[in-house]
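**Q** Start from the sequences and build out the full structure, keeping to the hints where you can.
Chain by chain, the residues:
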Amino acid sequence: MAEPAALSEVDTSTAGLAVSLRGVTKVYDSGVMALGPLDLDVRKGEFVSLLGPSGCGKSTALRLIAGLHAPTSGSVGVSKPAGQARPGHSIGFVFQEPTLMPWTSVRENVRLPLKLAQAPATEASARIAEALMQVGLTEFADAYPRELSGGMKMRVSLARALVTDPDILLMDEPFAALDEITRFRLNNDLLSLWRNLRKTVIFVTHSVFESVYLSQRVIVMTSRPGRISAEFRIDTTEPRGEDFRTSADYAGYCRKVSNALAPSYPGKPG
Amino acid sequence: MSSLQRPPLSAGQGAPESSAVRLVRILLPVIVLAAGVAIWELVVRVNEIPPYVLPGPGAVFETLVKDWPVLSQSLMVTLLTTLEGFVAAAFGGVALALLFNQSKWLEYSLFPYAVILQVTPVIAIAPLLLIYLPQQTAVIVCAWIVGFFPVLSNTTLGLNSVDRNLAGLFRLYGASRMQTLRYLKLPSALPFILGGLRIAGGLSLIGAVVAEIAAGSAGAGSGLAYRIAESGYRLNIARMFAALLLLSAAGIVIYVLLALTSHLVLRRWHESALGKEN
Chain A
1 MAEPAALSEV DTSTAGLAVS LRGVTKVYDS GVMALGPLDL DVRKGEFVSL LGPSGCGKST
61 ALRLIAGLHA PTSGSVGVSK PAGQARPGHS IGFVFQEPTL MPWTSVRENV RLPLKLAQAP
121 ATEASARIAE ALMQVGLTEF ADAYPRELSG GMKMRVSLAR ALVTDPDILL MDEPFAALDE
181 ITRFRLNNDL LSLWRNLRKT VIFVTHSVFE SVYLSQRVIV MTSRPGRISA EFRIDTTEPR
241 GEDFRTSADY AGYCRKVSNA LAPSYPGKPG
Chain B
1 MSSLQRPPLS AGQGAPESSA VRLVRILLPV IVLAAGVAIW ELVVRVNEIP PYVLPGPGAV
61 FETLVKDWPV LSQSLMVTLL TTLEGFVAAA FGGVALALLF NQSKWLEYSL FPYAVILQVT
121 PVIAIAPLLL IYLPQQTAVI VCAWIVGFFP VLSNTTLGLN SVDRNLAGLF RLYGASRMQT
181 LRYLKLPSAL PFILGGLRIA GGLSLIGAVV AEIAAGSAGA GSGLAYRIAE SGYRLNIARM
241 FAALLLLSAA GIVIYVLLAL TSHLVLRRWH ESALGKEN
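Residue numbers (my numbering), protein chains in the order written: chain A, 1 to 270; chain B, 1 to 278.
Please note that a few of the clues may not be correct.
[Stated by the list, open to error] Straight-line distance between alpha carbons at most 20 Å, and here's what the computed SDA-like set of lysine to any residue pairs gives:
#, chain 1, residue 1, chain 2, residue 2
1, A, K80, B, R171
2, A, K80, B, G174
3, A, K115, B, S176
4, A, K115, B, N165
Keep in mind the hints are simulated off the structure, nothing from the lab.
**A** Here it is, written out as structure tokens:
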């Protein structure tokens with residue numbers, strides 16, 4: 001795997017931007033053009049979804065922002081909070097799978113980012129307790145991952161991403177493998193977390209309904225190479241809840257977004 | 001679960017069994033043993049086979065009790081050699097695997113020789129070692145040679161089987177090499193390391209016995225294998241069987257101890273140590 005990308009020194013703070021991508025491309029070693037060129041600005045505190053079919057490079061874009069991959073060309077700018085040297089710590093990442101360490105408890109899994117940053121133990125305990133409370137898992141701190149359901153594992157993963165109190169939360173199809181009831185519940189919990197904590201969220205998904213329900217802005221991507229094909233602003237009365245999910249507004253947005261997405265699926269009438 | 005690695009050897013659980021089935025599973029081998037011993041005794045008595053050709057199981061047991069002072073001392077010697085060889089194999093194997101994992105160049109340079117050491121029959125190496133090394137050292141080296149390779153290859157496999165997303169997470173949070181090794185790679189590799197140790201335990205005993213036999217023909221030595229060789233020259237067949245019985249028991253105890261250790265260490269999280277019901 002590639003070393004973490006050296007993030008460019010794009011000054012995003014003045015413009016109120018959390019993330020700024022400029023002409024970013026990614027070509028894999030196999031020669032496959034995975035992404036771009038891609039331009040993307042995400043404001044601080046914004047909830048943005050990247051929506052597209054499998055293999056459209058949306059996960060690649062997320063990994064570039066996280067610094068897990070280096071872009072082939074272009075620049076990736078991520079705002080740094082004052083007094084923090086490492087950009088990686090201002091980012092929380094939630095993978096498609098819970099990606100927990102099976103050999104240790106929920107508490108120790110959540111502690112990991114703090115342990116790696118060598119945070120003081122007393123401060124760490126307080127933060128872990130807070131993160132577990134935010135995702136509603138306080139009682140399960142001593143459980144092992146295998147003892148939890150899929151939805152609870154995802155909550156642990158979310159708590160681990162929140163424990164460093166990052167400004168930016170990157171989520172890579174986090175709820176794709178969950179059943180619909182669990183997914184709806186986690187959607188609502190994520191929205192209330194976002195409202196309370198005011199973090200910037202970039203959410204990758206292939207579900208039209210999920211993206212419209214959650215985000216302020218839906219960015220539709222096409223595949224090979226991944227490009228932005230359309231962008232929708234979802235304006236509705238906040239806070240959203242189950243009412244929004246059954247409203248005519250919601251259905252209208254979903255139809256529009258679906259129509260924009262249709263051309264990226266070959267073989268389907270546009 | 002993709003995030004769980006399976007070890008190369010399973011702990012050997014079957015499906016949940018009823019107590020009756022479990023009882024039968026324990027009883028059947030015991031019945032086979034009893035029948036075997038009875039037939040053995042019968043054959044010896046009916047054919048009046050002299051004890052210097054084939055002693056009956058009664059005679060073997062008698063010898064075991066009568067010669068216990070000598071045999072138990074030899075057992076201790078062999079067990080100590082096995083233990084020393086096993087500890088050397090465990091530390092050597094894991095340490096070498098860690099070195100290989102940190103430096104690909106080192107792995108490319110040395111791994112072929114680890115394989116050569118493994119595929120060359122130890123019984124052919126033992127006489128050479130006995131020429132150049134003091135006998136006790138040579139015996140331990142033999143036990144080490146046969147024991148370290150399974151530990152090395154299993155640990156290497158384990159260190160390379162780390163979940164890719166977890167590795168990415170560690171990089172995202174800026175983990176150092178030491179942190180990645182300690183908090184990610186070693187725990188991931190643990191089931192594999194324990195599997196390797198389980199194989200190495202039995203092999204260390206074999207290595208010790210092989211070296212003792214090679215050394216025994218040269219005269220000195222007091223381990224169980226030496227007793228077998230010595231008793232063979234003296235046509236004390238009953239004592240050969242008694243010593244063999246002890247070696248076999250030692251092998252079983254080593255295996256059970258290592259399997260138990262593995263189970264206790266992994267029981268909270270690893271698939272191999274969990275029942276099939278969940």
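**Q** Which of the stated hints cannot be reconciled with the structure, identified by number in ascending sequence?
**A** none
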